[in-house]
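Chains as they are written, first to last, in numbering that gives the first Met the number 0: chain S, 0 to 459; chain R, 0 to 459; chain G, 0 to 459; chain W, 0 to 459.
Please note: incorrect hints may appear among the correct ones.
Because identical chains cannot be distinguished in the list, a pair is counted as satisfied if it fits within a single copy or across any two copies.
[Claimed, not checked] Keeping only pairs whose Cα atoms sit at most 20 Å apart, straight-line, the calculated DMTMM-like set for lysine to aspartate or glutamate is:
#, residue 1, residue 2
1, 283, 151
2, 283, 245
3, 130, 20
4, 220, 123
5, 220, 378
6, 53, 407
7, 455, 222
8, 170, 66
9, 107, 438
10, 182, 60
11, 444, 290
12, 130, 49
13, 444, 236
14, 21, 290
15, 53, 415
16, 182, 235
17, 21, 288
18, 107, 123
19, 441, 297
20, 444, 308
21, 130, 151
22, 130, 308
23, 53, 122
24, 107, 122
25, 130, 160
26, 182, 392
27, 21, 434
If you are wondering where the hints come from, they were derived from the structure by calculation, not from laboratory data.
Number of protein chains: 4
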Amino acid sequence: MCIEQRKAHEECGVFGIFSNEKSDTARTVYYALYALQHRGQESSGIAVGDRSEKRLVYHKDLGLVGDVFSPERLASMRGDMAIGHVRYASKEQNTRENAQPFSINYNKGTVSLAFNGTILNLDELKSSLQKQGAVFQTTGDAEVIAHLVAHERFRCGSIEEALALAVPQIKGTFSMLVMSPMKLIAVRDPAGIRPLCMGTMPNGSVVFASESCALQAIGAKLERDVEPGEMVVVTEDGVTSRRVGEARPALCIFEHIYIARPDSVIDGESVYEARLQAGRILAKYRPADADIVIGAPDSGVVAAIGFAEESGIPYREGLIRNRYIGRTFIQPQQGQRTQSVSIKLGAIEHNVRGRRVVLVDDSIVRGTTMAQTVNFLRDAGAAEVHVRIASPEFLWQCFYGTDIPSRDQLASVRFDKEQFLMMIGADSLEWLPLEHLGEVAKNSKVSFCDACFSGKYPIE
Amino acid sequence: MCIEQRKAHEECGVFGIFSNEKSDTARTVYYALYALQHRGQESSGIAVGDRSEKRLVYHKDLGLVGDVFSPERLASMRGDMAIGHVRYASKEQNTRENAQPFSINYNKGTVSLAFNGTILNLDELKSSLQKQGAVFQTTGDAEVIAHLVAHERFRCGSIEEALALAVPQIKGTFSMLVMSPMKLIAVRDPAGIRPLCMGTMPNGSVVFASESCALQAIGAKLERDVEPGEMVVVTEDGVTSRRVGEARPALCIFEHIYIARPDSVIDGESVYEARLQAGRILAKYRPADADIVIGAPDSGVVAAIGFAEESGIPYREGLIRNRYIGRTFIQPQQGQRTQSVSIKLGAIEHNVRGRRVVLVDDSIVRGTTMAQTVNFLRDAGAAEVHVRIASPEFLWQCFYGTDIPSRDQLASVRFDKEQFLMMIGADSLEWLPLEHLGEVAKNSKVSFCDACFSGKYPIE
Amino acid sequence: MCIEQRKAHEECGVFGIFSNEKSDTARTVYYALYALQHRGQESSGIAVGDRSEKRLVYHKDLGLVGDVFSPERLASMRGDMAIGHVRYASKEQNTRENAQPFSINYNKGTVSLAFNGTILNLDELKSSLQKQGAVFQTTGDAEVIAHLVAHERFRCGSIEEALALAVPQIKGTFSMLVMSPMKLIAVRDPAGIRPLCMGTMPNGSVVFASESCALQAIGAKLERDVEPGEMVVVTEDGVTSRRVGEARPALCIFEHIYIARPDSVIDGESVYEARLQAGRILAKYRPADADIVIGAPDSGVVAAIGFAEESGIPYREGLIRNRYIGRTFIQPQQGQRTQSVSIKLGAIEHNVRGRRVVLVDDSIVRGTTMAQTVNFLRDAGAAEVHVRIASPEFLWQCFYGTDIPSRDQLASVRFDKEQFLMMIGADSLEWLPLEHLGEVAKNSKVSFCDACFSGKYPIE
Amino acid sequence: MCIEQRKAHEECGVFGIFSNEKSDTARTVYYALYALQHRGQESSGIAVGDRSEKRLVYHKDLGLVGDVFSPERLASMRGDMAIGHVRYASKEQNTRENAQPFSINYNKGTVSLAFNGTILNLDELKSSLQKQGAVFQTTGDAEVIAHLVAHERFRCGSIEEALALAVPQIKGTFSMLVMSPMKLIAVRDPAGIRPLCMGTMPNGSVVFASESCALQAIGAKLERDVEPGEMVVVTEDGVTSRRVGEARPALCIFEHIYIARPDSVIDGESVYEARLQAGRILAKYRPADADIVIGAPDSGVVAAIGFAEESGIPYREGLIRNRYIGRTFIQPQQGQRTQSVSIKLGAIEHNVRGRRVVLVDDSIVRGTTMAQTVNFLRDAGAAEVHVRIASPEFLWQCFYGTDIPSRDQLASVRFDKEQFLMMIGADSLEWLPLEHLGEVAKNSKVSFCDACFSGKYPIE
């Protein structure tokens, strides 16, 4: 999928560290969040705990991690534990109050949370807590979890007991990090729709991250994934693990297709390899007669390389992305000839002119960007444009994190094949067949949720 | 060459438009500058002229074009001609005063200049002008040119006459755009070291740009290059051309190797094709026994694809670039294990681990970034790392635009082969042989300056 | 007291409006907060309610009201009720989270609070609420009040019932405004240490404010003060009043001496007149043999005019304040001759040179600024400097809002008269005698708290 | 004159220092500019020279001195000479390019200028210089002076010679500071319409300032005024003086009436005393039957005190100014009842209600603010309002620095007495009689320009 729809599937990113010494933990989180920024650009935050002083400080705000944290701010946040969060949010919820980590003070001390996921029974939980006197200040998920934990903690002996009681009450999917005055806890829901992994620093500090690319960034070693339904507790006495639900794994297949960074490994499978494999399978079952293969930047590039390998058609870069387009970019006005796509992308005419082109992308949501891209390639002289999508048709709404409101916005629902072809202006259009999706990430230790393609939802 | 040394060779970018109607010319320049931003990120500016009102307005400041121009500012700058500039500057000269376009008011009216180049006899020209009473307010080249033009204009009948008299006095190399109250003029010095091309908009407006990618961005058609030693004058009566010096073409070979965007075509040669070809030649004359070929992002990628094709070794992405690293990034502190390179790049371990890797880059200047990159690949499990550079050894200083102060900073000057290998920690290291450089851009209509490799300088 | 210690006694300011129509209520609050800004410069906020849509929006941040609200922000906040707050805060509590109004969502809807005061049993209340499951996110008073109200509201039929139950549990002093989905409520504690008044707009809208100067600013008429121990409830059915505690009035005497704006009238007494009267009494009981009377800007000026009138010595301006000193002012470095005071104040040498000067100020806390001011007057040529303070000696800590941590920082506690004189370098130093303090604000309908002078605290 | 028209007469401020040692000269200028900020709020700048290194650095921008200079910036500007400037500018000229000090590089080195004044023959000078090849980049006066000086310097032996030749060519009025590589020079035009004084620091450094209040701020001693037509040259050999024109003194009377700070002494006369005296004379010749005298803040206050003394009517503060109104203040919208004046000023009703008030202001330009102020006092209950203006009627345009475009905007030109009274809504309105203006500043060593009252212009 191309630049425009990028926001459709993005997700939050979490990171946590339990260090042996009071040190620059905030700085480590800062660098890790840079590596997770692709999972959320709306807000960034870090909470730092100090076990000896029983002190918690945090800072969070709207913006990228580089905008939210100054050198002075980072230097002022010292401690021996820390969690961080980058957030993607639908527009209405994109308020400073909803930024994470979310921290509270209750009768047993403090708790900070970094949460990546979706709670399906949020209203019920909220209403039930309010009936017991709870008072809410935000519209975010994390506040409800915090209340739930505090509520359970009230009647049991430890924060992990409280979490073990709270998790089964949550219908939904999440990976989260919880920092109490003396502990760092990682929890992944039984379906494990969102990834979460664990690593160690050279000095023995334990870290958790949404994706392994964050471990690499800070020089940590990937030890293993937190398993669906597992809770990992780190204290000064070491690391322990317990079950908080029976695993029924259903990792979001879009993590491999689009969301995660290609240098991450999730549940045993390389994201790069999964994308390469998707391209190969696509070429095998949905070949095209063409001169070159190009990828839609940046998300279609790896699959395009795979497609080229399998098909024997040479891979070329046909479109390059302008890296300077940012938040301050002023959109071309309606009626101006200049199309947004021609500024955001550059076509390498030398490769494209007179050629029959296979354009590989990861997915199509509304189809408008694809139409512009195909048109742009034709302007650059492409003789034919064959669109190949490295995932099955997007037919069903996602309830576990995507921002798309309803099925009637999905191009694959609105159009039949002929209309679709006409709309995007391509010579042919094919998707990776749903029946062959299982061949994509064969090294994965977990099963997948493919509800957006199949309509089979793993959680009611 | 990798991220760190990126600044070593960057150049300015210029763009100009002569429109048939008073309109959003500033907006067109704005989008074109986005496409030229890779040529300079220190300052951005636009000057707009109005032929009927004889009015000139301009705005320029330190920063990227997206930071310097607000929607209100753009909307306030209306006219039927405009020029724009993005600037790369060595640190000491990076002041707001030196930003371009540079505009003056003299006894014949106003003149605005957008200048990309280097004046070798700057001090002489300045001193000579000062002796005739000139007063300077900046340390920039453009101010000297403006004075020179104003000085000559004083004793001849037109701005183009003045330019024709001024250009021969300038020892150096430049492409520049000059906007007078009624004319837009493009000039390229006889050596034509910096590129400059010309195009037309669908409505007939004439445009000039440092690179053709800017034409594509705004929907203009590339008509031809401005030739070395040519001056093109656009007035309401049409386009005329005249010679301002005998052409002795010497296009900077680094435009193809590193500076220009791969979707640009310069003097008849596709930059993408030139890089691909450099990779192929490198593979032919300096092969490596390896499992995969990867490119140093982003400047080594195209050559890596060419190397892979010629050698038959599969191309893989081994390193990806973190696109969120920007001006606000806080560098890791000395002594922190976290290396800057591990945050800026991510290694795709799946591709690299246990493999013998060919790492292709466009050039090596100081060598420090290459050392970090090789080390980073080893950390990611590479069995062997064979560095291949898609240009000859960088041995001589460039007097025509680069920022490197002296030869003693160049790794190829400081180290013999063995030391160099040890310094960067690679298993082998080879460059594109100087004698085969001529095979790189064979479609180019002009000859090249390769002084940085050969020591043969085209201008004394 | 002079500029430096200004922060010692400042307080928050609150404002509320219940309008008959959905309109620019936020804008009205905005202007009113400008008039109350002297009561708090650390943070500013406005919450707007819409009775028909049952909607609550708010915005608050660190900074002056002019910095926190943009025209766009103001325009986006429409409704028929609103409350606002400006906050003074000790440094450690000066966080964005503690800014007010404070808004929550609980099982009966929403509640917003603007609170000016101090809760003495804050820890007890917090701990008691936490034991019942409450979860806190800030360190502010307002959050505790909100929880208390939500807690009581849970078991009674209306928000005013809940307030009536909550108020007696609070040991402390406060004036506060509470906005529920359909009501605006003003409450002043039984001691009434902080002021609160009520007015009407020409269109019949009801308004409340910490000081009457805010009513004047928006064109409202001062109707009366909210009485100590009174709760005023405004609904669409009109205004009703009820008791929430037996009045035992003890208005903070520092409101008249220093905190309030001289154009305000508090509990029937003009602040200007009270200060003028303090100057007269001071002159009567502590005369000085001098040539001119000057006031320390700005807080000593009115008392200086009163002193001049009573004594017959002419009033002159001897010191003027630089109005451009703001947050960005860079303090002179230690060792630099330039004293901060000489930049912040200017001495009118013409008035001072060779003269015996009476310098009137409202109070002395640490004494350091007074020492600098006396020294500065001597530099300007004053023959003698006789310091007269328009309030009694500051001997006891204030528990009801001041920022001074302990008695041992008070100059009057640390020094005997001789030491004090030497420290500030004056020729004589006198205070308004405590036994005559009662003559200062004789028109006031309420008694005063003078604990900081007398040590007699009205609340245990 | 009240807040609204404040800008009508403001002027620039200049400051310079020649130090014995390389030190924090920029910091000294910074503090001095704070004291001169009332003379110009549009832009601020400092240029620092280093005599041994022959180095000149400067920084200037739109904004108050506190906004333009950061601690880092100040610390980076070290040297043994410096000049500074604060600028008031009419809107169209308020560009960053026109900010001062203005610095150039010419064949004899560098020159920096800080200029306060108006050049009447600017166009002629500019045109003449352009004919000799000069090239201009700004629309400011300072650039023309710089060119003129550079031009003359070309044919004579020293910068002071060049100045001596340049000054007679300038028709106009100015006080200016010129810094060359080794000298600091102060020049005041023969009419001396703008003030300029000279002082010494305790360590012997020589300083110049537009007003003596800047000397006091930095701990310098006022030595004397630079005389009309005098040039003072400071070098390492000491201070010398020479004539650059025959003195025909005509100090702007508005400096005493309105522009200067009351703690300044100009040409031997205390500004405070001049204003006090104006109030006394006004009371003597234009008495009023009233209960209290109040001043329009802040410019009418001193005259009001003088009026009160002479008349025996008690002085009271009736209006206080809101010190938080700044650049970010959002103006009330048309049709809103809230008048701008009620937010900017507060009326002390206690003093005003039922009283017959004399309202003293320094001048009336358009009359609109005065009308609002009178209305505001009536709203606050004033029984009668008698307006007394402490200067004669403003009948003629000023060509020497004021921003008023034409006579037809002056209330005294547009209205006869009856209309004027009706327009402002006062019970009576009187000015200081022109024939008694001479009694106002009797200690002044120089004569005055009173062209705005008398129509007698000292310079053609």
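Now the hints, each set against the structure:
{"no.": "1", "hint": "283 x 151", "result": "neither (53 Å within a copy, 68 Å between copies)"}
{"no.": "2", "hint": "283 x 245", "result": "neither (37 Å within a copy, 58 Å between copies)"}
{"no.": "3", "hint": "130 x 20", "result": "neither (42 Å within a copy, 33 Å between copies)"}
{"no.": "4", "hint": "220 x 123", "result": "neither (40 Å within a copy, 47 Å between copies)"}
{"no.": "5", "hint": "220 x 378", "result": "between (47 Å within a copy, 10 Å between copies)"}
{"no.": "6", "hint": "53 x 407", "result": "neither (51 Å within a copy, 30 Å between copies)"}
{"no.": "7", "hint": "455 x 222", "result": "neither (32 Å within a copy, 55 Å between copies)"}
{"no.": "8", "hint": "170 x 66", "result": "neither (34 Å within a copy, 43 Å between copies)"}
{"no.": "9", "hint": "107 x 438", "result": "neither (49 Å within a copy, 52 Å between copies)"}
{"no.": "10", "hint": "182 x 60", "result": "neither (25 Å within a copy, 32 Å between copies)"}
{"no.": "11", "hint": "444 x 290", "result": "neither (37 Å within a copy, 27 Å between copies)"}
{"no.": "12", "hint": "130 x 49", "result": "neither (34 Å within a copy, 24 Å between copies)"}
{"no.": "13", "hint": "444 x 236", "result": "neither (29 Å within a copy, 66 Å between copies)"}
{"no.": "14", "hint": "21 x 290", "result": "neither (59 Å within a copy, 44 Å between copies)"}
{"no.": "15", "hint": "53 x 415", "result": "neither (61 Å within a copy, 43 Å between copies)"}
{"no.": "16", "hint": "182 x 235", "result": "within (8 Å within a copy, 52 Å between copies)"}
{"no.": "17", "hint": "21 x 288", "result": "neither (61 Å within a copy, 47 Å between copies)"}
{"no.": "18", "hint": "107 x 123", "result": "between (25 Å within a copy, 15 Å between copies)"}
{"no.": "19", "hint": "441 x 297", "result": "neither (24 Å within a copy, 30 Å between copies)"}
{"no.": "20", "hint": "444 x 308", "result": "neither (26 Å within a copy, 35 Å between copies)"}
{"no.": "21", "hint": "130 x 151", "result": "both (15 Å within a copy, 12 Å between copies)"}
{"no.": "22", "hint": "130 x 308", "result": "neither (60 Å within a copy, 65 Å between copies)"}
{"no.": "23", "hint": "53 x 122", "result": "between (33 Å within a copy, 18 Å between copies)"}
{"no.": "24", "hint": "107 x 122", "result": "between (26 Å within a copy, 14 Å between copies)"}
{"no.": "25", "hint": "130 x 160", "result": "between (23 Å within a copy, 18 Å between copies)"}
{"no.": "26", "hint": "182 x 392", "result": "neither (44 Å within a copy, 52 Å between copies)"}
{"no.": "27", "hint": "21 x 434", "result": "neither (52 Å within a copy, 57 Å between copies)"}
Of the numbered hints stated above, those contradicted by the structure are hints 1, 2, 3, 4, 6, 7, 8, 9, 10, 11, 12, 13, 14, 15, 17, 19, 20, 22, 26, 27, listed in ascending order.
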